[in-house]
Amino acid sequence: MPELSYREAVREALSEAMRRDEDVFILGEDIAEMGGSMGVTQGMLDEFGPERVRNTPISEMAIVGVGIGAAMQGMRPVVEVMYEDFTTLAMEQIVNQAAKHRSMSGGQVKVPLTIRTQGGAGWSPGAQHAQQLEAWFVHVPGLKVVFASTPTDVRGLLLASIYDDNPVMFFEHRTLYPIKEEVPDELEPIPLGRARVHREGDDVTVVATGRLVHEALAAAVDAEEQGVSVEVVDPRTLQPLDEDTIVSSVKKTNRCVVAHEAVTKMGFGAEVAAVVQHEAFDYLDAPIERVGARFAPIPFAPVMEEWVVPHAADVLAAVLRTVGKDV
Amino acid sequence: MAKVEQRGEVSQELLREFFRELLLIRRFEEEVEERFRAGELPGFLHVAIGQEAVAVGVCRALEDDDVIASTHRAHGHTLAKGTHPNELMAELYGKVEGCSGGFGGSMHLYDLERGNLGANAVVGGGLPGIAGAALAFTFREEPRIAVAFFGDGATNIGTFHETLNLAQLWRLPALFVCEHNGWAESTPAHQHLPIEDLTHRAKAYGMRAVSVDGQDVEAVYRATLDAAEHARSGRGPVLLVCNTFRLVGHYIGDPQVYRPKDEVRRLRETEDPLTKLRERLELSDQELEELESEVAAIVEGSVEFAKAGTDPDPEDALRNVYA
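Protein chains in written order, with the numbering used here: chain B, 1 to 327; chain G, 1 to 323.
Simulated from the structure, these hints should not be mistaken for lab results.
Possibly wrong hints are sitting among the right ones.
Among the chain B residues that face chain G by a calculated CB cut under 10 Å, a handful are [claimed, not checked]:
id, residue
1, I68
2, A70
3, K100
4, V109
5, P141
6, K144
7, P191
8, R194
9, R196
10, A273
11, V275
12, Q277
Derived DMTMM-like pairs: lysine to aspartate or glutamate, alpha-carbon spacing no greater than 25 Å straight-line [unchecked claim]:
id, chain 1, residue 1, chain 2, residue 2
13, B, K110, G, E315
14, B, K265, B, D242
15, G, K276, G, E315
16, B, K110, G, D64
Far from chain G by the CB rule (all over 10 Å, computed), these chain B residues [what the hints assert, rightly or not]:
id, residue
17, D21
18, P77
19, R102
20, P287
21, W307
The beta-carbon is built from N, C-alpha and C at its ideal position, and this holds for glycine as well.
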């Protein structure tokens, strides 16, 4: 099995889709000669040329909108929005156009568009380059939302997203690009809407996304030393959400922690908590705990940034609270 | 025969067809006003009375497989691009038989088969998508063009500038048709435009721009043929500014308190595109009467069709959210 970084895994999914299908092309800022601000598309210009690896002006509305229009003609564009903070600039096109064309047209139109973007704290970029905004998009009927946490997942989920007939918001995390993993020889799509159980456990279910999957796995190791067995579930697709896998897990463990890097308040974790309390109310032995960022714009100074976003220790503390242990 | 080959004289026969389409849109819109006032149509509606010549002149100059994106004032464009009045009226009544299956309504009219990629209720919202359609045509080496309709108000919004910039940069086969009626809802041009000549907008992007009398259907038609040929032959997009007049309020029922009282009446006498064409047309009073009856029957038929249409099941709302 080849070892790939998360960054290489994204590139492989894009490249493979473009080799297989001439309807697939990529467009975004600095993605050609520079290979993307995160280096994801390095080398792709040489293989596919400037028509299919299209550098664009800094025009998020137009980039996303062009993707929408090309997708409506049956192409499968993959737009890169350099930072998810900049999806704010394209919000109208994403929310009013991409998400609604199918419904508004009474089912005449399809928008097979993938919008890749990335973000996340941990490197002191300040408040406008480190947000986690995935929860904004899960609230919009018509969009699918993916947040991959490992090289294997990011590769398979991106391929599935490109071939999905709906607009997909595809979130990558800035600090995950260098992580490496052995991936299957064959590049196969991973169906959207299926969670992955990363680690089985008996006492507490941690539902984690993005970087927090890795923090949760680290916390699980620490918890085990204290005699607490943790199951880690990564939904991978936030919309549609694999409620069955999450609820089944909580019915087994009777406790639930939800963990993401985005701010806790009004977050994706609140939806997971609502689903769990409704579907597994009688199984719960403790209040559902939420782990996420504090309610502040991400500050610049490293000490403040680190304090605002959650880490393994925060997940561990939440896990221990559910079993009545204090850290 | 490709329409670009039909240049030279616009025949009386073609002008007569134009007139019939203008008349159909006018009478259709008048009926819509009446049905709305009678409380039969939900939502709120913007009719294209006064701007019919832009819709007809542009759409008649396009090939059948060219595509358009329309605006909140979409009935005229939709009819001119070939959607049957029955399907349009049924949509306005919220019926399954409507051109958007009752999901869209007046401001979200779609007809994919006839190249209508959707009317947009967000000012400027449809422009980027039109550039995307044009890009797809380029990729596939198809000799098609994509056309965005929008108003002068939309030339102040970011999508307009980002899209024109990108479309010119990539020499996309697109037309940007500005229906310059001098109003952004209730705000007059002098309060929202720092320039008078909107073709200047295109200069910043090095884009070809043409200004035309939007009340003269023949002029719009000719200008569109030229622009379409330019775009189709790979020489890049064109901004076509059609100077037109909204001979009604922004929406049906708009008291137009912001507009001089006699302005609409005066403009209806001097700037009605139907009157302007009628003057040039060899059309006897009797022929006009016959045409009126024919169009009246079509419009009446569309109301009957719509009223007899099927109401969607409430839970149909969940269909078509995802493909």
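Evaluated hints:
With a cut of 10 Å, the hint placing I68 (chain B) at the interface with chain G holds, because the nearest CB-to-CB distance is about 5 Å. At its closest, the beta carbon of A70 (chain B) sits 4 Å from a beta carbon of chain G; the interface hint therefore holds under the 10 Å criterion. A hinted interface residue such as K100 (chain B) counts as satisfied when its beta carbon comes closer than 10 Å to some beta carbon of chain G; here the least separation is about 8 Å, so the hint holds. With its C-beta approaching chain G no nearer than about 6 Å, V109 (chain B) sits inside the 10 Å limit, and its interface hint holds.
For P141 (chain B), the interface hint holds, since its Cβ comes within 10 Å of a Cβ in chain G; the closest pair sits about 5 Å apart. This hint holds: K144 (chain B) has a C-beta 8 Å from the nearest C-beta of chain G, less than the 10 Å allowed. Taking 10 Å as the C-beta cut-off, the interface hint given for P191 (chain B) is violated, the closest approach to chain G being about 14 Å. Taking 10 Å as the C-beta cut-off, the interface hint given for R194 (chain B) is violated, the closest approach to chain G being about 16 Å.
Of the supplied interface hints, the one on R196 (chain B) is violated, with its beta-carbon coming no nearer than about 22 Å to a beta-carbon of chain G, more than 10 Å. Restraint check, A273 (chain B) versus chain G: the minimum CB separation of about 24 Å is more than 10 Å; hint violated. Given the 10 Å rule on beta carbons, the hint for V275 (chain B) is violated: about 18 Å separates it from the nearest Cβ of chain G. At its closest, the beta carbon of Q277 (chain B) sits 24 Å from a beta carbon of chain G; the interface hint therefore is violated under the 10 Å criterion.
Using a Cα cut-off of 25 Å, the hinted pair K110 (chain B) and E315 (chain G) holds, with the two alpha carbons roughly 21 Å apart. Between K265 (chain B) and D242 (chain B) the alpha-carbon distance is near 22 Å, which keeps this suggested pair within the 25 Å criterion. Of the supplied pair hints, the one linking K276 (chain G) and E315 (chain G) is violated, its CA atoms being roughly 48 Å apart against a limit of 25 Å. Restraint check: the Cα-Cα separation between K110 (chain B) and D64 (chain G) comes to about 21 Å, which is no more than 25 Å; the hinted pair holds.
No Cβ of chain G comes within 10 Å of the Cβ of D21 (chain B); the nearest lies about 12 Å off, and the non-interface call holds. A beta-carbon of chain G comes within 10 Å of the beta-carbon of P77 (chain B); the shortest separation is about 8 Å. R102 (chain B), annotated as away from the interface, has a beta carbon of chain G within 10 Å; the closest lies near 5 Å. Remark: the non-interface label on P287 (chain B) is consistent with the geometry, its nearest Cβ contact in chain G lying 33 Å away (cut-off 10 Å).
No beta-carbon of chain G comes within 10 Å of the beta-carbon of W307 (chain B); the shortest separation is about 36 Å.
Hints 7, 8, 9, 10, 11, 12, 15, 18 and 19 from the earlier list are contradicted by this structure; the remaining hints agree with it.
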